[in-house]
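Engineer: These two chains come separately, so use the hints to put the complex back together.
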Amino acid sequence: MTADRAASAETKLEVADLHVWYAKRHAVRGVSFEAPERKTIALIGATGSGRSSILRALNRLHDLDATARVEGSIKIDGAEVLGSSADPAVLRRRVALIFGRPATLPLSAYDNVVFGLRAKGVRDRSALDAACELSLRRVLLWETMSSVLNQPALSLPLDWQQRLCIARALAVDPEILLFDDPASRLDPVAAQVLDDILLRLRRDYTILVATNDLHQAARLSDVTIHLVDGEIVETGETLAVFNRPTDARTEDFLAGRAW
Amino acid sequence: MGVSALAMPRDAGSRPAAQIAGGLLAWISAIVVVLAVAALIVIVARAGWQNIVWVFETESDAGIGAALVSTLAVLGLALPPAIALSFCAGAAAAEPAIGAGAGRFLAATLRFGPSLPSTALGLAALGLITANPALERSVQANPLVAAAIVLVALNLPIMTARFRTVMRAVPPEWRVAAFAAGAPPVSMFFGVVVPRAMPGIIAVVLHGVGQMLGETAAVAIVLSVSTGVKFVNHALTFAPAPLPVHLWQRLAVGHPDPSSAPSAASETLILLVAIVVLRFVGRVLARRRRPSGAGA
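For the protein sequence lines, the chains are L and H, in the order given. All letters in the first sequence, in the order written, are residues 768 to 1026 by the working numbering. All letters in the second sequence, in the order written, are residues 5 to 300 by the working numbering.
Excised from the complex, chain H in its bound form (with noise of 0.2 Å):
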């Protein structure tokens, strides 16, 4: 069956030609799209398979176990701060019963907050951690925090503004039957927006994670340049290579041979089945902390 044919249903012809044109273009974006993805990944696991370097070691251009420990390390420093100070920030915009005057003012601060591309908002960290020289001399012994504290910046408008959303969405009716019920603001929040936002607030954080394992490569280069440290996996504790950083590395930094393109797809590769699993945590997640009574 064409494309074509399956756009059409059968009384097609009492149909606008417009409608039935953008349902041709809708499909043939759509097998486009999928194709473009599913050639990407054949090419991906072809280059990449048998070159992923599984060796745990601490040079430069040797092996992925230091780059994914480094990532790992940095996502366990961000992580918890930029989850904590979004989610009391997005519960006092959503909630005026808690946030009262401060929740307002954050309601407005986001409505411009989200659209300032996140990077300038890393910068402006890091251009506060520079400009203050016992701030900078800690960024060279801990570049780790350093990154940790820009990912945090780059990363709390946009995760504030996510957790916003998925709060707003629990319906108001039942908000007033919790305050009517006898709730005060806090209760109310724990005992019905929570439960119901649970789902909402898991892909937030996920898509945190995910947001912070592409921009790490951002930041670390932006730091590099700027301080002088260098991301460059010699010593885990001293100089954090996150995956895409490593891979940046393969491609643009010191191997602009072609030799190093294969090592590169089997990075992206692993980068990408990363995504998958933490993707396909979520969705279990989610699904198992959907709460009871959603009924009718």
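Just chain L, same shape as in the assembly (with noise of 0.2 Å):
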């Protein structure tokens, strides 16, 4: 991302009575909301929530599953993504997908870091070079990393495999970061990391966390989002919903309590 941006508060993407459906199973039921430029959405929610499932709707990856069906409409500064006139390809990069599980690819570090820029025709050695260098400086690894690029990636630690995926991500300048769960895999303190690049990268970036661990939604998003069986209970500024829940249910998952 530039750093000349614009710093206003437009609606970066904007989602509308969006479903998901895995063969028979309604996961995501009618899910609207908007996302401000530059303002990071926590979504939280039991597991089976439809939280990945809308993340994995934002980033297209449901054109991979035949069982899956997407209804409803996703936006990016206005222009509509879903349907076939939006190339997936191109989404993919301006939408970035981060998982839970480090997506790392059977290839080195550096390739790993540039395989977007590749994907995207950057054949220039000095600019795949740079990218990769300020994608990894962004993601705090460029010390540590930077003699050891023609590494296999897959024999790194997870937590530097994790960083390296959000380099990968970060390399093709894309304009949107999702992350599903980002630091599900990893110990406290290679957590604490990540939630440092998160707080880094939510000045520059429209950001969309869906995460089980609520102490990681309240530091980091400015609005969450409370989904129950695919459907949003509640929705607000974060300070306010981890205060005072409108929502009986939102209450009772803040406070652990099954219902």
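Think of the hints as simulated: they come from the structure by calculation, not from any bench. There's no promise every hint is true.
Okay, the calculated beta carbon distance ranges per label pair [said to hold, decoys possible]:
{"id": "1", "chain 1": "H", "residue 1": "Pro137", "chain 2": "L", "residue 2": "Arg836", "range": "33 to 43 Å"}
{"id": "2", "chain 1": "H", "residue 1": "Val37", "chain 2": "L", "residue 2": "Arg890", "range": "45 to 55 Å"}
{"id": "3", "chain 1": "L", "residue 1": "Asp891", "chain 2": "H", "residue 2": "Val285", "range": "32 to 42 Å"}
{"id": "4", "chain 1": "H", "residue 1": "Ile32", "chain 2": "L", "residue 2": "Thr911", "range": "48 to 58 Å"}
{"id": "5", "chain 1": "L", "residue 1": "Arg890", "chain 2": "H", "residue 2": "Arg141", "range": "25 to 35 Å"}
{"id": "6", "chain 1": "H", "residue 1": "Gly105", "chain 2": "L", "residue 2": "Asp954", "range": "42 to 52 Å"}
The structure presented is a predicted model; accordingly, all values stated were derived computationally and were not measured. Just so you know, even glycine gets a beta-carbon here, dropped at the ideal spot from N, CA and C.
Structural biologist: Encoded structure:
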């Protein structure tokens, strides 16, 4: 993302009446929300509440699943991205998805970081090197990794792999970052480092984080959306949702009570 | 140490009898197979070594140089199209993002295709050729090409199925990761799937070579019966006599007398050595092509 991107709080992402089915299972039921530019939204909810399905729909990963069906509207900067008119590969470079389990490719660390750029058609070695260094610096890996860039990425520690995947996403200059429970496989120290990285990134990107970690959601997000069985039951400013939830189910969820 | 002692661990007393019997059976079977293969190699080597006729002649019962060259010629004609077609079809069947509807149709077909005897497919291709008078005349004129066409048809389904299998063995999460990074299907395929599947791809090609080496015999014999083309090596440019055909001629067609057995043994030896060399080359290539990043 370039530094001169407008600092306005215009709507970056607009989701309207989004439905996702896996075969006959209705996983997301008419979800609508908006994400202002450079704001961070946390999606919280129990397992199976539809958080990951929403993120995958935004990234159009459901296109790869023959059993999945998506209906509704997703607009980025006012332009519809569902349907055949939008190129999924281009969309995925604009809307990067980072998984909970590091999606490291079986390539060297360097090739992992520049994978998206090469797929985009960038061949100039100096441009690739520059993008690699910048991306790794943004995820606090450049100092430690610059001498081992040719090492197989799969042999790196898990937290490095996760940061490498974030660097790969950043290298293609995305506009929106989607994190699907990014710290779920990390130890507390590594999770803390990841939070620090996200805190830096939220200044420059519109971010959606689906997380089970309520502390992470409270610390990172501006807006929190609580989902139950594929439906939004509460949405609002994070502080308000966490301190004064209006829905009993949200109150129970935050308190760790089953209903 | 006896077989039973090898098969039984120290705490055999606590193991069920069926498990012990199964272990014994496995050991006995393995030993029988190894001994049989070793005996075959020794017999063939003893009988064949002194009878190898290296003279390059084009008469039907002289030398194997012509047979080797003919084998290479048929392989050279049949392998490239077979590999190209089956690789593309395998990719379409393995990668829904590339193959789309055609890929799904191929994948469904491949559930049944490889179970068909490959010789039947070769015969079907031959039938199509001989049913057409113009094509049949061209077969008479170019038996090498006809043999290659039949071999391609014969190997296509099984090679396609094998290519699909090795491509599908690449973990799907790497595909998703590549797509999520913004790679179009073709970049994902050549950037992730092909490098990871390369050892398997090489193995499929080598299997194809081995299969074609063996099946040229059946093809050439059927061709000669059905079209009247003489698959004996009167002239290299006219009639291919690949090594398996040469063997067949020695043992069954032109030499019913026992005196031709040593010559046949020598040719079998060469065929075995050729297959062992192919296998060795394949293993070396597969190791060299194994991509870095296998790691944890």
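Engineer: Against this structure, judge whether each hint is valid.
Structural biologist: Here is how each hint holds up against the structure:
1. H:Pro137 <-> L:Arg836: 33 to 43 Å: violated, 54 Å
2. H:Val37 <-> L:Arg890: 45 to 55 Å: holds, 53 Å
3. L:Asp891 <-> H:Val285: 32 to 42 Å: This hint holds: roughly 38 Å between Cβ atoms.
4. H:Ile32 <-> L:Thr911: 48 to 58 Å: Once the Cβ atoms are compared, 57 Å apart, the range 48 to 58 Å for threonine 911 (chain L) and isoleucine 32 (chain H) holds.
5. L:Arg890 <-> H:Arg141: 25 to 35 Å: Given range 25 to 35 Å: violated, Cβ gap about 51 Å.
6. H:Gly105 <-> L:Asp954: 42 to 52 Å: Once the Cβ atoms are compared, 46 Å apart, the range 42 to 52 Å for aspartate 954 (chain L) and glycine 105 (chain H) holds.
Of the numbered hints stated above, those contradicted by the structure are hints 1, 5, listed in ascending order.
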